[in-house]
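Respectively, the protein sequence lines represent chains A and B. The first sequence begins at 1 in my numbering and counts up by one. The second sequence begins at 1001 in my numbering and counts up by one.
Please keep in mind that the hints were generated in silico from the structure rather than gathered at the bench. None of these values were measured; they are calculated from a predicted model. It is possible that part of the hints are untrue.
As the list claims (entries may be wrong) - Residues on chain B that point at chain A, a partial pick, calculated with CB under 8 Å:
hint	residue
1	D1059
2	Q1061
3	L1064
4	K1092
5	R1096
6	R1098
7	V1103
8	D1106
9	G1108
Virtual Cβ for every residue (Gly too), placed ideally from N, Cα, C.
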Amino acid sequence: MIPCKPKVAFYWCASCGGCEEAVVDLAEAILDVVAKVDIVFWPVAMDFKRKDIESMAAGSITATFLNGSIRTSEQEEMAHLLRSKSQLLVALGSCSHLGGIPGLANLFDRTSILREVYIQPPSTVNTGGTLPQAHYQDNGHSLELPVFHETVRSLDQVVDVDYYIPGCPPTPKTFAAALQTLLSHQLPEKGSVLAPDCALCDECPRKDTKPEKPVFSEFKRPQQMLVDEQKCLLAQGFLCMGPATRAGCEALCVRGNMPCTGCYGPTSRVRDQGAKILSCLAALLESKDEQEIDRVLGTIPDPVGTFYRYALPGSLLRRKKLDGVPQAPLAPR
Amino acid sequence: MLNRDPRASEISQDRFEPRIVAFFCNWCTYLAADLAGTSRLKYAPNIRVVRLMCSGRVDPQFVLDAFAHGADGVFIGGCHPGDCHYQEGNYKALRRYRLLKRVLKDMGIEEERFRLEWISAAEADRVRSAINQMVEKVRELGPLNLQVKDAPKASTEEVCV
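Chain A on its own, in the form it takes in the complex (with noise of 0.2 Å):
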């Protein structure tokens, strides 16, 4: 008699593939994986439809793992459905972890996005002003496509999450070790993310260079000067979110002399990232004179985009407030 091995999901919604790649980065130990388990769902990669999912029993799919953050109705549906007939249902990648990088959107309003992407853009020539639209009718034939909603949403905003991966991707390994983590018998705690707990300055190569405190009279860019490979790049002057960022990637950004952006996300200590990375740098200015203060500040130039982004959806605020538009609800996390 064939064993029943688990069976397992992959889907994605609003990312970039990236995540997809982490799981074929995995190169051999891939033919490990498909060894212990069923991939019963994967449409990057195998051809299985939605109505294959809809005709399974609920519970039936052991873990899915669902990369990409939900903007779209289709995406939302999906998330609900893949729940439903799953046992565990894991998040992975930042986007879906926190909101990822497509969830800076939460910056813009839905009207400005369309604008920018259908009406404005030079090389676009739409004089009608059309934008898509969820129903359409033409000589008898209907089309219906997913509504785009007004907010980028993280995958626990939307259904119930048993654990997190975190990453922009996730590494090879990490995902590894995850995937090890829920083939074991002893799962950890429901809502772990699977991954050290503790922060990126703690596993990177140059932690022995960190000042105990560094001091900074301006915020530099790694274009903006020569970076010297053994030195801790907040000594140098650079904004690293390592401080702020749970360690996991081995600080493979850093080991390729360019700061940490953040995609790990917070420690289980931390409830949002931004405000801790952004107390942690204003609080080592040097100056205490507030125009001075003031011009240090100035280089960071966005200092949403640099310390939200990864992470706006999952962050306290959400996203930007929208005038006159009701607001997504803020319910605690």
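Please arrange chain B on chain A, whose structure you already have, making use of the hints.
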């Protein structure tokens, strides 16, 4: 969530009454507010005071959390520059405040909803005037309304991609 104030009966029902969360330093502004009370100085009842050991203890998360949970304004009171009980705490508060103000502006929250004041233990009258000014300003701005439980689904229809 910030509940209705038990003193609500004292507050006018006809006009918008802002809810303002105030973080006061234990060594100066809180004492000043205390002095204002014992001196029978009357100030607007719209603030909810949270006493902290130092304005440097105001984690930006506290401020964002207050706004996200229904506050219309946030007020931080600390010792005058050079007077901090812990030497540097108020300077840290100042730097965080300057940067957080920019973040809030980018998030569509008006600047006047977030204020930092240096108020020493002797300046009871300043507590009164600063709070009254802020309450008036926020009243003019109107409710922030970040806390809306059920956004109607209709707001997400008709346009799509």
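Status of the hints after comparison with the structure:
no. : hint  : in the structure
1   : D1059 : 6 Å, holds
2   : Q1061 : 5 Å, holds
3   : L1064 : 4 Å, holds
4   : K1092 : 4 Å, holds
5   : R1096 : 4 Å, holds
6   : R1098 : 5 Å, holds
7   : V1103 : 5 Å, holds
8   : D1106 : 4 Å, holds
9   : G1108 : 3 Å, holds
The structure fails none of the hints (numbered hints given earlier).
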